[in-house]
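Chains as they are written, first to last, in my numbering: chain A, 11 to 437; chain H, 11 to 480.
None of these hints come from the bench; they were simulated from the model. Keep in mind that the hints are not guaranteed to be accurate.
As the list claims (entries may be wrong) - Only some residues are given here: those of chain A computed to face chain H with a beta carbon under 7 angstroms:
hint: 1; residue: N127
hint: 2; residue: T129
hint: 3; residue: F136
hint: 4; residue: N139
hint: 5; residue: E142
hint: 6; residue: N279
hint: 7; residue: S281
Claimed, not checked - The following label-pair restraints were derived from C-beta to C-beta distances:
hint: 8; chain 1: H; residue 1: A251; chain 2: A; residue 2: Y309; range: 52 to 62 angstroms
hint: 9; chain 1: A; residue 1: P434; chain 2: H; residue 2: G197; range: 36 to 46 angstroms
hint: 10; chain 1: H; residue 1: A251; chain 2: A; residue 2: M111; range: 56 to 66 angstroms
hint: 11; chain 1: A; residue 1: R275; chain 2: H; residue 2: H438; range: 43 to 53 angstroms
hint: 12; chain 1: H; residue 1: G197; chain 2: A; residue 2: D399; range: 16 to 26 angstroms
hint: 13; chain 1: H; residue 1: P282; chain 2: A; residue 2: Y309; range: 20 to 30 angstroms
hint: 14; chain 1: H; residue 1: G197; chain 2: A; residue 2: E325; range: 32 to 42 angstroms
hint: 15; chain 1: A; residue 1: P230; chain 2: H; residue 2: P375; range: 53 to 63 angstroms
Note that beta-carbon positions come from the ideal geometry of N, C-alpha and C, so glycine has one too.
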Amino acid sequence: MYVPSRSSRFHYRKLAITAILVLLAVNCFLRGRHTAFVYASQADAVAAEIPASTLSALGRKIFFDASLSASGRMSCATCHDPAHAYGPPNGLAVQLGGPEMDRQGARAVPSLRYDLNRTPIWNKEFISNPAERTLEGNEPPAGGFGWDGRFNSLHDQAAFPLLNPNEMANKSPEEIVARLKRASYANDFRKAFGEQVFDDPSKAYADMRIALERFQLDDPSFHPYSSKYDEYLDGKAKLTAKEKRGLALFDDPQRGNCATCHLDRKGVNGSHPLFTDYQFEALGVPRNPEIHANAAADYFDMGLCGPLRADQAAERAYCGLFKTPTLRNVAIRKVFFHNGRFHTLREALQFYVQRDTNPQRWYPVSSSGKVEKFDDLPPNLRANIDVTDEPLTRKEGAAPAWSDAEIDDVIAFLETLTDRDASPAVH
Amino acid sequence: MSKFSWKRVAAAIFAATVAVGASHTAFADKDKHEDRVATAAAYVKHVFVIVLENKNYNDTFGTSTQDPYLQNTLVPMGGLLTQYYGTGHVSLDNYISMISGQAPTPDTDNDCLPGFTGTIGNYNNVKQTGVAPQGQVIATGGCIYAKNVPTLPKQLEAAGLSWRGYMGDMGNDPARESATCGHPAIGVGTDNTNSAEAPSAAVPLGDAYATRHDPFMYFHSIIDDQASCSKHVVNLNRLTADLKDERSTPNLVFITPNLCDDGHDGSGTGEPGTTCANGQPGGLASADAFLKTWVPKIMESPAYKKDGLLIITFDESSYTQSVSTSSTGQTTVDITFPGQTCCNQQPGPNLSGVRPGSFTLVSTPTLVENIVINGFGGDRIGALLLSPFVKPGSTSDTAYNHYSLLKSLEDIFHLDHIGYAADDRRTHYSVDTIGDDEDIFFPGPGRGHGHGHGHDFDYPSDPHFKHPWF
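Sequences and hints are given; from them, build the entire structure.
Right under this line is the structure:
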């Protein structure tokens with residue numbers, strides 16, 4: 011995490027070394043005990059012997075290598091474009107991939123900037139005392155990588171796009187390794203992991219994902235902290251009156267209430283906020299017809315309870331919940347929410363404050379005039395949608411939490427979260 | 011049969027004289043070096059306190075199968091206080107009572123969560139309007155006591171004695187709280203330590219420190235001096251080094267495990283959906299594992315072996331739950347805390363209209379969920395004492411609570427009594443001091459016995475008495 015007084019490069023190298031030492035210690039400590047979760051991918055014995063900088067440099071090459079895909083035209087960076095804060099370069103609700111680059115992915119592409127290092131493993135704290143559980147900690151689940159949090163480490167997560175038929179579309183890990191063996195940097199891979207590394211495809215496959223992980227965790231390009239808001243937090247810039255009004259609206263728990271989930275204050279050590287609490291939330295974003303899979307009336311992407319994520323399928327209360335994304339660089343995006351339903355920031359904000367006051371604007375209306383709210387969930391699960399936290403509590407016909415002018419102010423504030431090097435996505 | 015001793019006779023005469031002529035507090039002021047307890051607890055110079063969370067006495071020391079180390083190994087080694095009570099529900103007020111004798115404010119009784127019984131909440135100053143008998147702060151709410159409110163740590167410092175609070179996980183995530191004297195900024199709103207943080211790449215072990223289980227953070231007298239506070243309230247990891255030498259072991263070692271290790275989080279079964287944020291089972295299972303790790307370290311330390319007393323207890327007891335379903339199909343779940351007290355516990359000046367109390371947490375056509383707190387006490391939790399001066403396998407049915415604990419520590423360390431640890435002769439209020447409990451402790455030199463000229467041992471051949479105070 012960014013600490014103003016230190017250089018990022020030094021900080022992350024130090025962090026990585028510390029993490030490895032801590033993990034080794036923990037591994038010894040926990041041997042023979044009930045195994046606690048730790049962020050454990052760095053514990054790989056081979057990776058621990060290789061300098062993090064070597065791994066990260068290799069990971070960079072892999073991240074940008076389109077030859078690792080079946081189409082030969084898709085790399086990680088195709089969707090997670092560094093020019094756009096490692097987010098999507100365009101306004102497609104979901105990106106195209108597959109062998110012919112004509113197959114839709116399942117969900118909108120998130121930015122990879124900032125939050126990877128601090129994404130906790132997927133968890134749901136259980137407080138045994140029911141009174142205290144209710145008072146203090148009956149929080150929704152949190153963490154994990156992906157909109158549904160189904161991966162607890164980046165090196166596990168990396169397998170998904172590499173093998174997903176709608177993305178890089180490799181048929182097997184062996185196919186990925188075969189492509190890696192032909193890559194221009196294959197000798198670098200051998201130098202790092204051993205001359206014989208390609209003789210064992212499963213090990214080579216694991217090693218490449220560790221390198222990818224290191225790049226995403228360590229490379230300074232993922233954590234530039236170069237926005238106006240960062241300068242404001244450091245006392246090096248002033249917000250305009252409009253931006254200040256927007257920040258106040260963003261913070262106000264009785265109105266926008268955004269900062270409850272999109273944390274915007276410095277940590278106690280002066281570290282800058284990441285604008286997410288990693289918790290899951292059910293907003294009831296309308297169904298998006300731009301996603302072809304939604305043509306099937308019985309298909310619902312329900313996030314935490316599936317169908318992409320399988321292990322929480324029995325938890326019906328989790329249906330419709332998706333992980334809160336960071337809002338850093340949100341103003342350069344052209345696609346919002348997990349299903350990319352909205353394409354302007356203004357419309358996304360309007361949805362928040364008018365979802366309940368003007369539901370007919372967002373959801374289908376039957377011939378009898380009935381609004382089918384929360385239409386992207388089966389009717390029996392729509393009670394999962396949040397109607398208790400501001401600004402999601404209003405009655406139909408009531409005044410929205412923000413006026414149009416106030417939305418302008420909030421947009422002005424959100425624009426201060428754009429990094430200096432981040433270019434707006436194109437439509 | 012005890013041997014006759016002129017020293018004991020002289021000490022008894024002196025003690026009787028003092029009892030007639032002076033209050034207990036004045037006794038302490040006049041001669042801090044006289045033994046204030048009647049048993050071998052007088053020899054104790056290092057006290058270790060481990061506070062666990064939210065369990066009934068009958069579970070912890072009876073029916074639970076999750077804590078075999080505590081029940082089957084430690085209990086036979088120590089003295090079990092069967093009638094030890096918490097002083098309130100929910101957590102924070104218990105911790106505060108242990109180190110200050112203060113009864114709750116309308117906020118500290120609900121862990122300073124805003125919107126329940128308090129109007130201030132979060133990590134904000136106590137709004138004091140006066141002082142009631144026994145130094146009780148009268149307050150409309152708030153959580154951090156003013157600088158002039160007495161505390162056990164400040165008493166220890168004034169007496170030239172040392173103390174440290176050892177907090178599990180504190181500072182694991184330095185953005186969440188500092189690794190020393192870790193607390194939220196005053197007045198900024200939500201306390202982010204209310205929820206446990208799961209492990210991430212940046213915080214590989216996660217962070218389950220909870221400010222509300224760290225009583226030292228609620229007194230300006232402690233937190234305002236940052237350098238002193240950072241020296242005194244540290245991460246639990248520090249304890250291993252501090253235990254190595256008697257000189258580096260503080261006189262008072264106060265240990266709060268993290269939210270998982272203290273049993274607060276998790277069911278203890280390990281069943282999916284009922285674990286701690288870090289995946290551990292929590293409950294008494296994790297508390298037992300914590301004890302299995304740390305109690306041997308403490309008992310092997312030179313300070314404990316010489317003159318140590320380890321007290322293992324809980325902040326408060328748990329609840330009972332009843333479920334009923336009406337003819338219309340509405341299920342009502344009542345979660346009831348008896349709120350029982352012992353020891354003539356007083357509610358303090360701030361709980362009128364607050365305790366007893368009830369909250370309806372859920373009210374739908376199919377489900378009603380009520381929390382009912384029928385009293386202002388913390389119910390029966392029990393405590394286990396381990397010490398060279400404690401009779402192995404002993405039990406005592408004398409009633410004690412956290413105010414008794416405070417009084418007991420003050421007696422052991424020859425300090426004045428503060429808050430509800432002090433007697434009130436007008437109302438005949440007085441709590442027992444654990445050091446007087448002859449069911450638990452071996453006989454000692456006798457109350458009022460001086461320290462400058464040696465002790466008489468009733469059982470000089472007893473191996474427990476190889477390491478007296480001096």
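Taking the numbered hints from earlier one at a time, note which ones the structure violates and give those numbers from smallest to largest. Hints that this structure does not satisfy do not exist here, as all of them hold.
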